[in-house]
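K.L.:
Using the sequences and the accompanying hints, generate a full structural model.
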Amino acid sequence: MGAATSFSGVSDMGLLAAAPFSAVVFFAIVVLLLDFLLPPGRKWVLPLVSLVGLLASSVLVTFLWGREVVGFSGAISLDRFSSFFDLLLLLGTALVVLSSFFYARREGIERGEYYSLLLFATSGAMLMASAVDMVVFFLGLEILSVSLYVLSGFFRDRTVSVEAAVKYFVLGAFASGFLLYGIALFYGAAGSTQYGAMQAMLSSGGDAPTLLVYAACALLMVGLCFKLGSVPFHMWVPDVYQGAPTSVTGYMSVVSKAAVFAAFVRIFGTGLAPVQIELSKVLWVLAVATMTLGNLAAISQTNIKRMLAYSSIAHAGYLLVALTAAGRAGYSSVLFYALAYAFMTLGAFGVIALLRREEQEALDLTSYSGLSTRHPLLSGAMALFMISLAGIPPTGGFFAKFYVFSAAVGAGYVDLAVIGVLNSLVSVYFYMRIVYLMYMKEETVGIEAPPSLAARAALLICVLGTLAMGVFPSGFARLVASSVSAIF
Amino acid sequence: MPVGVSHYLAVSAVIFAVGVAGVLLRRNILVVLMSIELMLNAANLAFVTFSRASGAVGGQIVVLFVMTVAAAEVAVGLAIVLIAFRARETTDVDEMNVMKW
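So the protein sequences, as listed, match chains A and B. Note that the working numbering numbers the first sequence so that position 341 is 341, with each residue one more than the last. Note that the working numbering numbers the second sequence so that position 27 is 1027, with each residue one more than the last.
Each hint should be verified, as a subset may be incorrect.
Here are a few chain A residues that face chain B, going by a calculated C-beta distance under 10 Å [said to hold, decoys possible]:
1) Phe-72
2) Val-135
3) Phe-138
4) Val-150
5) Lys-167
6) Val-170
7) Phe-174
8) Leu-180
9) Gly-182
10) Ala-189
11) Ala-289
12) Glu-359
By construction, these hints were calculated from the structure, which means they are not laboratory data. The structure displayed is predicted, hence computed values, not measured ones. For every residue, glycine included, the Cβ atom is placed at its ideal position computed from N, Cα and C.
P.N.:
Below you can see the structure in the form of structure tokens.
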């Protein structure tokens, strides 16, 4: 093939691989510009335009489903794996935007930047899921992180929110430093920043991997674990989750976490797959520590956002179990878990964002006492999300844990599966406490749940998703298995 | 003695360690920000060294990306620090402790 034809071929295909997140960036800019043209009473157009953008991008992803395109000289890959995560991230963002319709107006943060930063963050997350080059992955991560630094401090006049932003920024940038140094060593070892180059280098020669490779792995893992909120780098999670606006907290715990796990699977499942055995030993320890600390610390919390923050640390631990197991089964269960987790967590945060007590957000656990008497539907939904988070059938959370632990057993980590199941037993206590408060306790006065159609639509989607994944898990299991097979 | 790859890498590792130590030990948030910049620049030095050693130009291009990202990050970071300072009149990270478990 002539150089000229191959060049034009590459540039055409490259644009196709970049189309899904480019659409999101385009709409982010549209939202930002539209903000200047709209009179103050018409700001509800902004979330509507954001939803249109997210929908447009997901139509594009669905249309391109099954195509395998590697664009920009092997930097971005469009395949079923990235398409799955694109759809997941777009869905998560759409649910956050739906519950923001009401939440952002009530809390006085209904501004163009809010929605546009959400879309920019999503484009970064999508870039991370489709990156097959360390530099592109780093850029995606920074687009996501910098947007989230701003979003977490969006309540400029609330001390907790500003403090959350400071902590998130300092620790996030610190983690980026580790990650970047890891990438530099990766580049030094492989001679290229592409995942494929590292894999080729590691699996070709008879030599054992050098110290440089292990140093790169260690630094990359430190950086990624910071972003995931895994023990021992979890200190920022509770503070940031508590201080950030509730809608943004939901976004962070679902979208940003899913994107980091997607990149984790791509880097450690393809680029560094030849040293997976050694890495699994480290991941084993991290998984056990993360699950246990998250669940034990969640028990004593009195603020529901803080409790869900520790719960999200624990769930990161379950996902680390799946990463330890590795292989097709392990990585498929990561995808399944990420989807189930998106439905149940965004549902829970959606309920929290809706409720209000004495002119403030209802964040104290006691606010949920007797919620079922006046808001039976809302408490029913909340109870379903808690049951799913605890991993009780017939919900998506049960099968998510089931696939993770069976992958661990299949890979020979029976001990890890046993520790995981014991941990889920502990977690039943603090999730069921919410259900107990809602149904068995006297009603607290002054709880309001305003009628917001958009927020209720988001909750309905979460309920249906959680139930669908619990009742028809095999269909979703086939979907994730076919998505994962694209990267092997 | 000729200056080789290992010398540059040693300098880069030392700068990185100074940056990490600065973030962990210093309490003034502006010094912490500068220490983070040191970490990023240590990585840049490593990129340029590896790129020079292998003769491939890729690493030098990465540095341009990193500098852009670092500039964006620091702009947002300083804005956040400014808001925090207006609220609390302090740049000490230990005094930002409204939330405790």
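K.L.:
Indicate, hint by hint, whether the structure satisfies it.
P.N.:
Hint check:
With 10 Å as the threshold, the beta carbon of A:Phe-72 stays out of range of chain B, its nearest partner Cβ sitting at about 13 Å, so the hint is violated. For A:Val-135, the shortest C-beta to C-beta distance to chain B is roughly 5 Å, which falls under 10 Å, so the interface hint holds. The beta carbon of A:Phe-138 comes within 7 Å of a beta carbon in chain B, closer than 10 Å, and the hint placing it at the interface holds. At its closest, the beta carbon of A:Val-150 sits 6 Å from a beta carbon of chain B; the interface hint therefore holds under the 10 Å criterion.
For A:Lys-167, the interface hint holds, since its Cβ comes within 10 Å of a Cβ in chain B; the closest pair sits about 7 Å apart. The beta carbon of A:Val-170 comes within 6 Å of a beta carbon in chain B, closer than 10 Å, and the hint placing it at the interface holds. Residue-level restraint check for A:Phe-174 holds (minimum Cβ-Cβ distance to chain B is 5 Å; threshold 10 Å). Taken as an interface hint, A:Leu-180 checks out: its beta carbon lies about 4 Å from the nearest beta carbon of chain B, inside 10 Å.
At its closest, the beta carbon of A:Gly-182 sits 9 Å from a beta carbon of chain B; the interface hint therefore holds under the 10 Å criterion. Annotation: interface hint on A:Ala-189 holds; nearest CB of chain B at approximately 9 Å, less than 10 Å. With 10 Å as the threshold, the beta carbon of A:Ala-289 stays out of range of chain B, its nearest partner Cβ sitting at about 17 Å, so the hint is violated. Taken as an interface hint, A:Glu-359 does not check out: its beta carbon lies about 20 Å from the nearest beta carbon of chain B, beyond 10 Å.
When held up to the earlier numbered hints, the structure conflicts with 1, 11 and 12 and fits the remainder.
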